[in-house]
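A.B. asks: Required output: the full structure, derived from the provided sequences and hints.
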Amino acid sequence: MRILRGLTIRQKLISIGMLSSLTALVAASVAFLAFDAYTFRQRLARRILTEAQITGLNSITPLLFNDAEAATATLGGLRAEPAVVAAFVLPPEGSEPFATYARDRGSAVAPMVPPDAPKEGHLYRSDELLVSEPIRFEGKVIGSLLVRADLGELRDRQRRYAGMVAVILAGSLLLAVVISRFVQKTISRPILHLAETARAVSAHKDYSVRAVAEGKDEIGQLVNTFNEMLDQIAQQNAALEEGRRELEGRVEARTLDLAAANKELEAFSYSVSHDLRAPLRAIDGFSKALLSDYGPQLDERARHYLDRVRAGTQRMSGLIDDLLGLARVSRRELVRQEVDVSEIARRVAAELARHHPERAVRVEIRDGLSADADSHLLTIVFENLMGNAWKFTGKRDDATIEVGHEVDGRGRAFYVRDNGAGFDMAYADKLFGAFQRLHADEDFEGTGIGLATVQRIVSRHGGHIWAEGAVDKGATFYFTLEQSS
Amino acid sequence: MVRVGRTVVALGMTMVLTGLAEPVEAPRPTEYEVKAAFLYNFAKFVKWPDEKGLGATFVIAVLGEDPFGGVLDRTLAGKTILDRKVEVRRIGSPEAGSRAQILFVGSSEKVRLAEILKALQGSTVLTVGETEDFTDRGGMIAFRLRNDVVRFDINLDQVERARLKMSSQLIRLAQRVIS
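Top line first, the protein sequences correspond to chains A and B. Position 237 of the first sequence, counted from 1, bears residue number 237 in this note's numbering, the numbering being contiguous throughout. Position 128 of the second sequence, counted from 1, bears residue number 1128 in this note's numbering, the numbering being contiguous throughout.
Please note that a few of the clues may not be correct.
[Said to hold, decoys possible] Straight line, CA to CA, 20 Å or less: simulated EDC-like cross-link-like pairs of lysine to aspartate or glutamate: (1) B:K1047 to A:E138; (2) B:K1044 to A:E242; (3) B:K1110 to B:E1095; (4) B:K1079 to A:E138; (5) A:K140 to B:D1083; (6) B:K1165 to A:E138.
[Claimed, not checked] Examples of chain A residues lying across from chain B (beta carbon under 10 Å, computed): (7) F65; (8) P134; (9) E138.
Note that these hints are calculated values from the structure, not bench results. Glycine residues also receive a C-beta, built at the ideal position from the N, C-alpha and C atoms.
C.D. replies: Have a look at this one:
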């Protein structure tokens, strides 16, 4: 049956039809041939036995009067029966035949009396028939007649029959093919139709297509079940679509709510920051005036307090600037374009060097980095990350900052690496929260807003940011600018 | 004494000898043993017109000089034909022969054969002789030797004239048939 597996249903059905008829025909032919051979043998045995009986009767007087010539002449009568190969008149004792007949007189080999011949009746050997008929006279056995017949006639007959059977087989098979071709359609057509429909449904995702059931048999039921399944799929699809739409609506509403809340919050923090400036400027201005105008009247202690007030106001001003920066980063519209990332990093490095001429920092920036990003916001990202790197390498003589990118299967990440103070990976998740600081103000100044701003920008670009590092082993900040694939 | 063919051992004597002693490695039968057996076998293939009117015995008579010696008596001892015991008679006159069923005419009677046959006219006797011209001269069956094998001629004319009926199975074995 393995042979059938690779065929189409149509071919399978035709093959099955042919195979069935072939089997039936061959079985019938074999049975017919076997039965014919059996009846032929029976008939031949009866025929030869009759001949033997007649010849036996005619052999009585030749035996009684010891006339071998007459006995031979009598045996000659068997020539009428072509199946008889040889015949012998045998005396009751002794094996020397009294008279012999041979069909093929020219044959060099004289016919032999088979030693295993039956005493009376017939015996079939592989290719010949032996018939033995006792010759009786007045109740006494005076001899016997032994006839050997061959089965050449049977063989001829079977050869003819085999030829006939072959012709009939060929004809029947041809007929079976023609009939199978017609009959198989009643089974294969609905199946092929169903398969075609299923293919159409699968290819075009069109669940409204329906197969047509042709009958009430199993295939018809299959078609109906298939259609019911399509109905169910269509219904489920509709339900899913409805659910999706509802969910989308809900998400949209939430997003709008969230955006409104966010805007409110941003507006609030912006106005708070902005409004805090004026009183702060007053504190700073008047404390400065106080110091310059009444400095000499004030004692050392008072002047120190005033210096502390001024330092506090300046720090607060920086904080407000950063907060306003963060708010602006959130409010500003994103303008993406092809930007030269290497160039941005180089400008930021030059600016840092200009501000801190006392520092000797080795900055290595990979050439040819570019990205589809907002140029202004990306500059803020590098200002913060490289500024941090500059700041946290402050206690090292061989300060090095490295800017580059790494590409893997999921996308491309830019990085800023330094060999500075580093951080404990246990606090890695705290790095990007606003006002979160891992270092004491005495060691490294800062507001704790820079990385929050960077994360904001990165996430607005659809990317994400993460950091690796160890205490005193430096830190590496990675960020991507688009959704990783 | 003429030696006959080897096959005769088993065959010619079979009918005669079965029922007697078992012929264990029987000696080769002599010419007259064969002829004696033939005389007996002839009776099986001939029908006499008045078989019911036969006497108490079936008579085989030998006319003239007996060439069989004791062979004929030995061969036919205890045999029956037509349910009658076979009786062998040796006779001198042809008239005595007319009461027999089979009359063997010895070669000593060659000279007066015509006379003998004439005497038997009207009787139902099967005449058997062994001179060469026996059948030509009116005898019914004549023994003859052919290649040392005993054969016979038949004068069917004479057989029918004596109202005897002879089986065709016997007739076809005759070397020569006069009719």
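A.B. asks: A separate judgement is required for each hint: does it hold in the structure or not?
C.D. replies: Status of each hint after checking the structure:
| no. | hint | in the structure |
| --- | --- | --- |
| 1 | B:K1047 to A:E138 | 16 Å, holds |
| 2 | B:K1044 to A:E242 | 123 Å, violated |
| 3 | B:K1110 to B:E1095 | 17 Å, holds |
| 4 | B:K1079 to A:E138 | 13 Å, holds |
| 5 | A:K140 to B:D1083 | 16 Å, holds |
| 6 | B:K1165 to A:E138 | 19 Å, holds |
| 7 | F65 | 5 Å, holds |
| 8 | P134 | 13 Å, violated |
| 9 | E138 | 7 Å, holds |
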